[in-house]
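As given, the protein sequences belong to chains A, B and C, one line each in that order.
In our numbering, each residue carries its 1-based index in the first sequence increased by 1.
In our numbering, each residue carries its 1-based index in the second sequence increased by 932.
In our numbering, each residue carries its 1-based index in the third sequence increased by 10.
Just so you know, the hints here were simulated from the structure itself, not pulled from any lab data.
Since we're looking at a predicted model, the values are computed, not measured.
Quick reminder that beta carbons are idealized off the backbone N, C-alpha and C, glycines included.
Some clues are possibly wrong.
BS3-like, lysine-lysine: derived pairs with alpha carbons at most 25 Å apart [as the list claims (entries may be wrong)]: (1) B:Lys1363 to C:Lys66; (2) B:Lys1119 to C:Lys154; (3) C:Lys66 to B:Lys1360; (4) A:Lys68 to B:Lys986; (5) A:Lys52 to B:Lys1119; (6) B:Lys1225 to B:Lys1202; (7) A:Lys52 to B:Lys1363.
Which bits of chain C does chain A cover? Going by a derived footprint, with three or more residues having C-beta under 8 Å, they are [what the hints assert, rightly or not]: (8) 32–46; (9) 117–128; (10) 137–150.
Listing some non-contacts, in silico: residues in chain A with all C-beta distances to chain B over 10 Å [unchecked claim]: (11) Ile24; (12) Leu25; (13) Phe34; (14) Lys68; (15) Ile84; (16) Lys115; (17) Ile141; (18) Ile229.
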Amino acid sequence: MASNQRNYFIRSITVRNVLFWIILAILLLGVLFPILWLFSNSFKNRMEVYKIPPTWIPKEPTLQAYKNVIAGVEQSTPWPLFIGNSIIVGVSTSVFATFLASLAGYGFARFRSKGMDAFLIVILFALMLPGPVIIIPLAIIIQRMGLYDKLFGLILTHTALVLPFLTWLSVGNFRAIPPNLEEAALLDGCTRMQAFIRIVLPMARVGLATSTIFSFLISWGEYPFALILLGTREHFTVPLGLATYITEFNTWWDQLAVASLITLIPVLIILSIAHQHIRRGILAGATKG
Amino acid sequence: MKNRMFKVTMFILASWMIIMTAGAVFAEKTAEKPVEVVFWYFGGLDTELRLFPKMIEEFNRQNPGIVVKGTHFPWDARDEKIMTGFRQKNLPDLITRDSMAVADLVGMEILVAFDVEFPDYYNSWEPRFIPEIWNQVSRLDGHKYGIGPYCSVGPMMIFDPELLESLGLEGVPETFEEFLDFARVVKQNGYIGVSLPASKATNDMMIFMDIAYANGGRWLSPDGKKVMVNGPAWVETLKLYDQLNKEGLIQRGAMQTDYVDALKLTVQGKAGLGMGKDWINAIVYDLGAPAEKIFNLTRFPRKKPSPGEYPPVGLTLEGGSDMMMMSTSKVKDAAIKFVDHYASEEVLRNWGGDPVRGRTPASFVAYDNPAFKKYNPFLYQQFKAETLFEDAIEAPNFRGLAEMYHILADAIHEVLLRNTTPQQALNKAQKQCQEVLDRYIQ
Amino acid sequence: MLKNQRILGYSLIAPAMVVIGLFVFYPIFEAIRLSFYNRILTIPEFSFVGFETYEKLIANEIFRRAFRNTVIWVVGSTVLGMFFGGIIGIIIAQGENRITRFISLLVLIPFVMPDVVVAATWAWIYDTNIGILNSMLNQMGLIKENVDWLGSAKLALPAVIFVMAWRIAPLGALLVQSSYKGIPLEIFEAAEIDGANFFAQLKYIVLPLLKYAIIIGILLTMMWVMQNLAIVRLMTDGGPGRTTEILSTYVYKQNFQYFKESEASAASVIYFGFLIVISLSYLIIFRRVWVKET
């Protein structure tokens, strides 16, 4: 890209440079403060975690909490299982939802009509549905479909939750792609399907990646529906596992800190891989709504 | 070439989705051969959490034709899971819950009355349990809906005897005035006088209620039609809270401090006195108390003479982990066997201090467990003297209580925020609670 | 459009519309239907009462309080979050190297952490007696005695708003960053030559071009915030008193703790209506920008 030109931009304001970094450091500290706090606590032993006043640097650093979490794997918190479930649900949701949203987005973008616009407004309304309204009726539907306590039920639910937003992004994404290339291809004798695959999809690649990642993230951290729609521990997802450490008598901070950090890792990996796509995707989707 | 690749991908994608759907639907139809009993349990101490899977496994081994599948959920989720299960028509067969839930669950018509449907089992269990508990807890209109191994009792006060002695305080405060005096001395020496739990958590409200009851107050009039929360006992209790607050005898942020956080202050030596229910002893070591330190547990002080219009209560009894059977269950005959296992002496014994420490058992056999005498000397002594359950009544249990506790919390917060006086706050609460109650008694 | 084109169009959107219709609209219709009764799950009898539940709700001072709090909560956290996120975004966008890429990844963390962990961690940080915030402020000499963050009537709502803003900031950063990078370099260079300093560039170049993205971003973020329940519920559960009670927690309590199904439904419907009104007015107000861009 124009990287050397960008750096030229910074160099021209040398004083601001330092100020930038200072402000950035302060803001970053504010943003990452809780993570650092969790990190610090993951190395404390049981007693020190509850000490008053609290300390940043553990006086007796220990890996006890890490051991407990891993040991807990046998008893009550099989983390590999939970992470695995969350990955299954997350990936399936993102694939499924992106697929449906892309079809719909393409449809809305290319086939405008009064009827279609009406449906678009319907989707806008769907975006505004408050969560608590949906919970119980949705649970009833899942139950009637026989999908209670099945990961697929959760996948379907997450898809439904994410679909309105994803569709909207998708519409913006496809609208940003000029139709002339497709039309040229159609005139040349391609079927619509071929045109879609070979021409449109590659150009929409960025937005598709965004949708996939976004829906994965939302599915990963989702708690209320997972709580209601899952019944046995073998099917639990990561947020339910984390909730185990928050009992009514206490919050097992040392273990919660470790678990939070551990479960943050898969997400960060996935994010870093697809980082560029997110940024460009949100821009495209947002500016052509 | 690319076209074919695309078609193949689409085909794979589509068939994968179809397979997942089909798999999900078909998997449900495969029958299970042994009888399956679905059991949900909520919350509990760490030791209890480790106990339940073992207990379930032992039962499954001893009863080859039955498989109990137990799942643990966070305490916070107890209302959601049951409510949703109810609406989905997908309730488990057995649950363990606090006895306070009985009124609501009976109202939803989903509980089995053990004395009616399983009289033989019911009679066989009766002699194992302490009569005051057996006859009052988890009952509605005389029918018994829940069986549990322990009761939460309150109100209790906890303190470090060494600390108080070092400050020149002897003995134990027994009246409100003595309590305030103790707190003042503690404060003068640089500690927090009393660590007061005053958040909106239900347990905090129950502690407040316990004190009011111990002073002769009641939620409802005997006929159950009038809310009495603005009676003199309640006002005096709220006045005590107010006084503690005004004199700065409590920790800052009392309205954000729930029963656990308040306890942390006491056990770490930052506050001189603490309050709660009997489970205090169960968690002190987990909250940062030094390893072999003993904290004394005693009944919370009362106002003398008793201000309330009703007889003062010794302790309120709340079943914490009472097993209840859902009337929607299709495998009741199998499920009752598990309830029987839960109510067996071998299992009940576990709550006598080993491995579960800090609970007040409901069964006679648990008190015989030598561990109990060791870890809970105060309660053991009272039990032996047969004064433990003197004047003990069941913690109140009626529909609308959850909402009323929140209204009560509002009233307490209004006073602590110095916006109003105790009597006024409780008068307002009384009106609002009465509105709630009226919906149920029409 | 040709007829078979129209059919193709509708069939493309059909699967998504079916899912949305079934899972999203059926519930709202159910909620509307239930709100016309007076059902409490623990009372077997109930009856049709028309708008009476709504009347009772609006007369209820707790509900009104929750409504007010929700407005403050949503506006506060959205604006605060987008603002600080935007600043971070602009700063990060200044460079294009591995460091800034790494930083922009880190910045996403608040958004990526599950609600449960965020709420519990921040509640701990804010804790009056054992929280690290008070401890640090004490050590730095900024306060004499511990501040009651979540337990005081004045500070609880701002404290919670701050946490939500913290949650949102990454979105703001992302949005601003992407838009910023979309501005052609030549414009900046031209401004440099004309002698504009950084802040002038910001004001006359960046902000106008970013306007559309920011406006849409704010709308979407508001939607997201409105649906959030866990943060407030796990941190203060509406307290102290009802100072942090928002519509989400109110509906939750009515539904799951008091078993008052009809009231919860009515409250949800009012909530939904409110959201629609806000979004529509928002879009109408900013229609100039909308129309100009498309």
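Status of the hints after comparison with the structure:
no. : hint                   : in the structure
1   : B:Lys1363 to C:Lys66   : 15 Å, holds
2   : B:Lys1119 to C:Lys154  : 18 Å, holds
3   : C:Lys66 to B:Lys1360   : 18 Å, holds
4   : A:Lys68 to B:Lys986    : 22 Å, holds
5   : A:Lys52 to B:Lys1119   : 21 Å, holds
6   : B:Lys1225 to B:Lys1202 : 15 Å, holds
7   : A:Lys52 to B:Lys1363   : 43 Å, violated
8   : 32–46                  : holds (count 9)
9   : 117–128                : holds (count 12)
10  : 137–150                : holds (count 6)
11  : Ile24                  : 32 Å, holds
12  : Leu25                  : 33 Å, holds
13  : Phe34                  : 20 Å, holds
14  : Lys68                  : 16 Å, holds
15  : Ile84                  : 19 Å, holds
16  : Lys115                 : 31 Å, holds
17  : Ile141                 : 5 Å, violated
18  : Ile229                 : 5 Å, violated
Figure legend: structure checked against the earlier numbered hints; hints not met, in rising order: 7, 17 and 18.
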